[in-house]
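Whole structure, please, built from the sequences with the hints as guidance.
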Amino acid sequence: MLIGAIIAGIVFGLYYTLVGLGLNLVFGVMRIVNLAHGDFLMLGGIAAWWLFTTLGLHPLASAGLVIVVFVLVGLPLYYLVVPRLLRSRDSEMLSLILFFGLSQMIEAVTTIGLGATERSLPPRLLGVGPIILFGTRLPKAWIFSAVASAIAVLLVYLYLYRTRLGTLTRAVMVSRDEALATGIDVNFVSAVAFGISIALAGVAGVFAPFILGSITPNMGVAINITAFAVIVVGTLGNPLGTLLGGIIYGVSLMLMQTYLSSWANLLPNLLLIAVLLVRPEGILGRRVRRA
Amino acid sequence: MRNTRIRRIVLDTGIAAAVVIAMGVARGVYSNELMLFNFIIFLALAQGLNIIYGFTGYLPFGYVGFYGAGAYGFALVVMHLHAPALIGMAAAGVAALVLAVILLPLLRLSGAYFAIASMAAAQAVYEIVANPDLEDITKGPYGVSLADVFAPAFSYYTALAILAATLLLVVWLRNSRFGMSLQAIRDDSISAAMAGVSVVRGRTIAWLLSALIAGLVGGVFAWHISVFYPDTAFDLSVSIFATVFLLFGGATTLCGPLLGVFILYGIYNVIGIAVPQYFQFTYGALIVLLVLFLPNGLVSLLTSRGIRVP
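For the protein sequence lines, the chains are A and B, in the order given. Take the first sequence: its letter number 48 is residue 47 in numbering that gives the first Met the number 0, and every next letter is one higher. Take the second sequence: its letter number 81 is residue 80 in numbering that gives the first Met the number 0, and every next letter is one higher.
These aren't lab readings, by the way, just hints derived from the structure by calculation. Since no wrong hints were added, every one of them can be taken at face value.
Listed next, the stretches of chain B that the computed footprint assigns to chain A, with coverage defined by at least 3 CB atoms under 8 angstroms from CB atoms of chain A: (1) 103 to 116; (2) 283 to 294.
If you anchor each label on the Cβ, the simulated ranges turn out as follows: (3) B:Ala16 / A:Gly212: 52 to 60 angstroms; (4) A:Ser119 / B:Thr203: 43 to 51 angstroms; (5) A:Leu54 / B:Ser236: 29 to 37 angstroms; (6) B:Asp147 / A:Thr52: 45 to 53 angstroms; (7) A:Arg86 / B:Asp147: 53 to 61 angstroms; (8) B:Val226 / A:Gly114: 23 to 31 angstroms; (9) B:Val274 / A:Tyr156: 44 to 52 angstroms; (10) B:Ile101 / A:Arg83: 33 to 41 angstroms; (11) A:Val173 / B:Leu301: 35 to 43 angstroms; (12) A:Asn217 / B:Thr203: 34 to 42 angstroms; (13) B:Leu293 / A:Ser119: 37 to 45 angstroms; (14) A:Ser119 / B:Ala89: 45 to 53 angstroms.
Keep in mind that this is a model prediction, so the values were computed, not measured. Note that CB positions come from ideal geometry on N, CA and C, so glycine has one too.
Laid out in structure tokens, this is it:
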């Protein structure tokens with residue numbers, strides 16, 4: 000049972016990495032918190048559901064489509080909102096409020112358009128029957144989602160460390176002002192990061208029906224807390240730390256569900272508070288916090 | 000100099016008194032008592048949040064945690080000890096203060112970290128209260144019923160008294176040495192500390208006062224409503240509403256949060272009840288526009304021109 004919980008935890012952890020990664024990218028590059036992250040995830044899930052029920056599209060195809068569309072949504076959204084936000088006195092704090100407003104708008108529009116019902120996709124879409132890993136039976140849909148998440152994480156890594164734009168992105172992460180002074184088009188770099196972040200949320204949303212069970216218009220807040228827990232445990236602003244954070248989160252969630260199931264929902268909250276208090280810079284982090 | 004200060008205090012107190020009297024008279028004139036009660040609740044919560052955000056710069060997204068702790072503090076004492084309602088109110092205040100003391104270390108965090116951590120803390124308290132394993136104590140997710148102490152008029156005027164005390168507290172903070180020192184801490188804690196202001200003490204007092212108000216408001220809510228669920232007592236939208244009202248009007252002032260509640264909650268009661276999503280959308284859009292174009296609230300239209308707003 001212990002081994003089973005750990006294996007399932009790692010599988011889930013890869014998925015949670017995907018959930019948190021976009022949020023962390025935005026925080027790292029722009030020092031703002033996108034509280035609408037969970038709602039973009041929800042929209043990705045709705046898109047996958049809609050594409051499947053009307054066109055019969057396979058989730059994998061939906062994921063590709065969602066990436067393209069969400070990047071295209073993210074770029075103008077960045078230029079519309081973020082540069083103005085970053086000029087304000089306390090942009091980190093105000094970003095929480097601004098994106099909360101955006102999240103409310105998204106939630107309201109989705110509820111008006113589609114109603115508040117739960118939506119799900121049949122798990123058999125991603126393969127029938129279990130896969131046996133080290134003696135643990137796991138649904139194929141889980142493995143599939145975990146592998147897709149791992150690929151997305153790998154692609155983000157390659158983008159950040161193997162492309163020119165990625166190098167510029169990391170420069171902006173280190174210091175926005177110095178990057179600007181060296182002649183980097185900070186706004187363009189940030190806009191691309193923002194687009195990628197939203198696309199990552201969308202992809203996570205496509206696989207959400209398989210991992211989380213269903214999609215509802217008001218799931219955003221809970222997802223945000225989870226995503227925040229994951230990236231804080233990892234390290235804010237460090238995309239690789241997110242992988243560690245995701246796996247720690249996934250494994251501890253599975254252990255809680257196995258041994259103390261009725262208290263499992265407490266976990267993201269307690270983990271978040273504990274890490275913030277004991278090691279606010281995250282497990283891999285250098286000191287970034289100004290107290 | 001001394002005269003202007005006295006004039007300011009009189010003006011601030013006058014505004015506070017006018018609001019309290021208006022809400023007291025309104026109950027006799029207007030029949031929808033629950034709506035008026037909710038106005039009082041949000042007037043008090045927005046001002047309670049004002050004390051911690053307006054004066055110290057900490058924005059607790061999980062402010063509702065204290066409200067819920069107060070509601071359940073009241074409910075537990077009344078349910079299990081069959082105590083009278085006023086003892087329940089004391090328990091509500093104590094419950095919120097205990098939670099605030101437990102969460103004191105969160106004040107070491109700043110900015111977004113603090114906001115999110117406090118939200119997680121409120122969620123954690125909710126998960127504990129609503130846990131089916133604790134059904135014998137808290138009734139878990141199935142909600143509590145407090146019909147024994149149901150007293151609509153008494154609880155209404157108790158809520159009004161809490162509002163009055165809260166408003167006077169804000170008046171005092173705006174005009175006292177302690178309030179000034181809090182604002183100095185908010186603007187630059189290191190300089191304030193060098194000028195001899197006790198930073199930790201100031202923040203702690205503001206945090207406890209703010210939590211106490213939310214706890215008492217939660218307690219009186221439990222008393223007046225008498226049947227509620229953990230989902231209502233820990234509804235995150237309570238924090239959010241209070242935050243938006245506060246920011247819309249303008250923090251650190253007395254009038255700002257009052258205006259925010261009267262205008263926005265007024266609109267909510269006109270258009271929001273029938274189709275909440277339309278209101279939710281308008282609300283979200285308003286927040287976005289507010290942050291982008293008027294980050295210091297309605298009162299900044301005047302204060303930025305050098306006019307003092309009470």
